[in-house]
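*Asks:* Sequence:
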Amino acid sequence: MEPREEILDAAARLFVDQGVAATSTRDIADAVGIRQSSIYYHFPSGKDEILADLLQRSIRPTLDKIEKLETLGAVTGVEPDVLLYLLVTLDVRTLARAPHNAGVLAVLPEVQCKEVFGPFGTARQNLADAYARLGTQVISEGDTATSAASAEEFLGDLLLELVEVVIGMRSNGHRINQDVESIIARSCLHACRADQSRIDKAAARAGELVGALET
154 MEPREEILDA AARLFVDQGV AATSTRDIAD AVGIRQSSIY YHFPSGKDEI
204 LADLLQRSIR PTLDKIEKLE TLGAVTGVEP DVLLYLLVTL DVRTLARAPH
254 NAGVLAVLPE VQCKEVFGPF GTARQNLADA YARLGTQVIS EGDTATSAAS
304 AEEFLGDLLL ELVEVVIGMR SNGHRINQDV ESIIARSCLH ACRADQSRID
354 KAAARAGELV GALET
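Just so you know, we're using the working numbering here: the sequence shown kicks off at 154 and counts up by one.
Simulated from the structure, these hints should not be mistaken for laboratory data.
Please note that the accuracy of each hint is not assured.
[As the list claims (entries may be wrong)] So the derived label-pair ranges between C-beta atoms look like this:
| hint | residue 1 | residue 2 | range |
| --- | --- | --- | --- |
| 1 | Ala227 | Pro262 | 36 to 44 Å |
| 2 | Ala365 | Glu268 | 35 to 43 Å |
| 3 | Ser191 | Glu232 | 46 to 54 Å |
| 4 | Glu159 | Asp353 | 37 to 45 Å |
| 5 | Gln209 | Pro262 | 14 to 22 Å |
| 6 | Arg213 | His327 | 19 to 27 Å |
| 7 | Asp332 | Ala365 | 33 to 41 Å |
| 8 | Asp170 | Gly295 | 43 to 51 Å |
| 9 | Asp332 | Pro156 | 33 to 41 Å |
| 10 | Leu366 | Gly172 | 30 to 38 Å |
| 11 | Asp353 | Arg250 | 22 to 30 Å |
C-beta: ideal position from N, C-alpha, C; glycine also.
All chains, please: the whole structure from these sequences, using the hints.
*Replies:* Shown next as structure tokens:
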């Protein structure tokens, strides 16, 4: 790995294992095998900048694909069921790939009170809003617009919480594989009142498209 990536990897492990407050930049430098001053060369603001980067890495890859997903629906007519299934799959993979389960940092009280948490909180809300938009469309496909609108208020948070179960699973030592991705994506569609036939069709179509969205 490049030095910056080595620093992030070591910091993620230390932050998750012993907490952010208990980890110093010297600890990180020692874990990488570099001088403490080298930490500040790559991250001038020190530990908080490293933390901010790790938080963004647990969400940014998914956010960067939302516009592409919604364009896919608007331009090519891909159904909302498929788009939601794809978004869940991509989000699960983002969390599964976060170094040392760094997604867990976002739920730590010591992190939530830090100023660097603000941009992550905004990014997370943007992701929840995307889930709400797609989930409401899925409900509307098989239900009334009124009931879809009433669900939108909480739907984004509900779907996001379903996906973030990945963080707890990793903490408990579970491997996040394609079976887990499928279970979570199907659960999200079920929460949006899609029947089994719609879910099966969405899963099959999403499987054909997800590779192109990851490039």
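*Asks:* Hint by hint, say whether it matches the structure.
*Replies:* Consistency of the hints with the structure:
1. Ala227 - Pro262: 36 to 44 Å: holds (40 Å)
2. Ala365 - Glu268: 35 to 43 Å: holds (38 Å)
3. Ser191 - Glu232: 46 to 54 Å: holds (50 Å)
4. Glu159 - Asp353: 37 to 45 Å: holds (44 Å)
5. Gln209 - Pro262: 14 to 22 Å: holds (20 Å)
6. Arg213 - His327: 19 to 27 Å: Roughly 24 Å apart at Cβ, these two residues keep to the hinted range, so it holds.
7. Asp332 - Ala365: 33 to 41 Å: violated (22 Å)
8. Asp170 - Gly295: 43 to 51 Å: holds (45 Å)
9. Asp332 - Pro156: 33 to 41 Å: holds (37 Å)
10. Leu366 - Gly172: 30 to 38 Å: Given about 35 Å between the Cβ atoms, the range holds.
11. Asp353 - Arg250: 22 to 30 Å: Holds: the Cβ-Cβ distance is about 27 Å, inside 22 to 30 Å.
The earlier numbered hint that this structure contradicts is number 7, and it is the only one.
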